[in-house]
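Asks: One line per chain: the protein sequences are Z and E, in this order. All letters in the first sequence, in the order written, are residues 1 to 259 by our numbering. All letters in the second sequence, in the order written, are residues 1001 to 1519 by our numbering.
Source of the hints: derived by calculation from the structure; they are not laboratory data. For every residue, glycine included, the Cβ atom is placed at its ideal position computed from N, Cα and C. Be a bit skeptical, because a hint or two may be false.
[As the list claims (entries may be wrong)] Which stretches of chain E does chain Z cover? Using the computed rule of at least three CB atoms under 8 Å from a CB of chain Z, they are: (1) 1276–1283; (2) 1295–1301; (3) 1343–1351; (4) 1358–1369; (5) 1510–1519.
[What the hints assert, rightly or not] Pulled a few chain E residues facing chain Z out of the computed Cβ check, cut under 10 Å: (6) S1049; (7) D1052; (8) A1054; (9) D1252; (10) R1270; (11) G1286; (12) I1288; (13) A1290; (14) R1291; (15) M1354; (16) A1498; (17) A1502.
The lines below spell out each chain.
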Amino acid sequence: MDVTAPPAVRLTGLWRRFGTKVAVGGIDLEVPAGSFYGLVGPNGAGKTTTLRMATGLLRPDAGTVLVEGVDLWADPIRAKSLFGVLPDGVRLFDRLSGRQLITYAGLLHGLDRTTAVARTDDLLRALDLEQDAATLVVDYSAGMTKKVALAAAMVHAPRLLVLDEPFEAVDPVSAANIREILTAFVASGGTVIVSSHVMDLVQRMCDHVAVVAGGRVLAAGTVDEVRAGSTLEDRFVQLVGGRSAGEGLEWLRTSSASS
Amino acid sequence: MVAHLVRLKLTLLLNGLRRSVWQQVGLAFAALYALGLLVLGVVGLVALSTQDVALRAGVVPAFGALLVLGWWVVPLVAFGVDATLDPTRFATYPVPRRSLLVGLALSGVVGVPGVATAVLCLATVVVWWHEPVAALVAVPCMALALATAVVGSRATTSLGAAVLGRRRVREVLVVVMVLPLMLLGPILTGLTGVVTRLGAGGVDRLGEVAGWTPFGAAWAVPALVAQGQWGGAALRLLIALVTLGVLVAVWDRALTRAAVEPTGGGESARAEGLGWFGRLPGTPTGAIAARCLTYWRRDPRYSMAVITLPLLLVVFLVAMPGGGMVVAVGPLAGMIFGWTVSADLAYDGSAFWMHLSAPVPAAADRWGRIVSTLVVGVPGSVVLTVASAALAHRLDALPALLGMTLGLLLVALGCASVVSALVVYKARQPGENPFSTPQGASMAAMTSQLAGFTGVGLLASPVLVLGVVAMVRGSWLLGLLTLVLGLGIGVVVLLLGARIGARTLERRAPALFAQLASF
């Protein structure tokens, strides 16, 4: 890793409020270039809000986002050409076929048509979507939709990928394929940020991790630093708290309901 | 359980109000409107109560049948059924079928139209105060009528939804269903003509006929009792009861099916190759134009405009045969085509993230949408203008008409480019049930539309005035002048609109996306 290179992403003092609820309350995070960075946190922790602010989809109330040293909110056009995004919980232009959608993403990122078309074909093959290249995205299953959106995020060959819940609803075989693609991407010098609730996956796949809860960073660093000897899952529960061990649900135990 | 469902509906209604100011405004308007109609109806009924029995016995069933028919049919074609209590959401709970039916029916009355209808039904009892027995009979009969109306609307819509579950069918039907709506004017004109020709005796006949129909039977029972025809009353009561029974059975069946067979599925559509993406320039602007053009064909919300405009021509011809108004179709088409862009971002919905997360200049976004609309709108509106001029035998006025059409198209496009960067509202998404109305959408949409229309009208007014003068005078020269002026003003407004729109979008895009994503 080049020591002098600026971090792929640096978030400083990121704040965002919705009404009276503070979704993100001052997040500072540095994602080193060439890292495979996991963002974990319980539901409603502010992961999606953070990632949306880091990718130009949501304007922060305060704070700055630097993508490879470029201030995203000051020079959005330049910064946005540096990364690819897979947001969670949004629609796609689903009246396009899979092939059209990926090509569309490529053209929007300023690729010329020949390149966009060639890369679209490669991506369709790599993600096992060739059979359904001509099917409208509206008729795709949830997993296929995730895959085609991922392809759309990668078509312009960015050096940074920001993926919100990329493995949700994806079948195990496709998930393994995607993981392989992402690992190869990192090995060749790219940076990946993924959010997930699946600790096991993050522990196996990522080299860096940040634990987010209540709109703040509770711990961040390499996976080994954060988990400090135990498993990531145990450490996560310890950091976030809120385990109740099923007490008070005695009536749910079937053995006691024998009467 | 029944009480739970009614309370749930009330809670949902109140929570919805708390969430958005637009809904409060919308409910206030709806309530005001309903109140106006209600006062009118009640005053009418009170006035009617002083008339002689024969007239009352004619009017009440006819009016009642119309009301019930409205409940059955209107949700199918216009407003959509209120989906706040979607029966499929109760599929996993062990709710007894009976309670579910009764609860959903009662919660159907909770709401502005339900309450208004209930009050109106109650007020009908007053009509029979001269004949106490009939008034007494009227009370349960009006409850029966109300039930027929509410359950009927549930039955028709759930039946409709079952048929329309498949996307393809649904999309075709959305388009087809606009037809009767557009023909509503001519149909009503025709009906009024028929009624006037029938005269006073005709109303009696109408009431008589209405009393035999499933919609009017319940209303005819007290009318016949008032006239001492007990046998006829019993017969109508039987019809009314059977009707309700059949409706409940139909609704029950539809509910059962909806619970186990979720909508969706059907064969999937395919699109080989790149389509428009292979034909337009491979730039962001070209790509956006290609995407929009693809949507003009594949998204029913756009293709509907293309299909309904020729129908507009037919409607004008039918409604005003020989009238000179037919030539208005061309300029109207220009206006409609241009204005479609105002809903573009709302139609994109949260898919707009693709533009926002890519390094796309706001101007490319605006121009892509403008170019695609021009590609569809210019030939479309020009063909309609020529056709309407030919049909009206006013080919001599073609330059003036074309000036107005193209002027309106360009001006509307320019204004819409600004409006769509300012206001987004919740639009019906392409895959959604056409029978459900998006909540809290209408007021924001309506206000922006109204302001936009006014702006377009003002900016295009010189062209329109000159064009009308040219047509009335039959002046070829003034007509040519209209064409030049229309193109001139149009191009200036379009360029300005695209520029202001782009600057606005650049500033507001993240806020707009946040709003779109929250819908």
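Asks: Each hint: holds or not?
Replies: Status of the hints after comparison with the structure:
no.	hint	result
1	1276–1283	holds (count 4)
2	1295–1301	holds (count 3)
3	1343–1351	holds (count 4)
4	1358–1369	holds (count 4)
5	1510–1519	holds (count 5)
6	S1049	53 Å, violated
7	D1052	61 Å, violated
8	A1054	59 Å, violated
9	D1252	32 Å, violated
10	R1270	5 Å, holds
11	G1286	7 Å, holds
12	I1288	8 Å, holds
13	A1290	8 Å, holds
14	R1291	6 Å, holds
15	M1354	6 Å, holds
16	A1498	18 Å, violated
17	A1502	13 Å, violated
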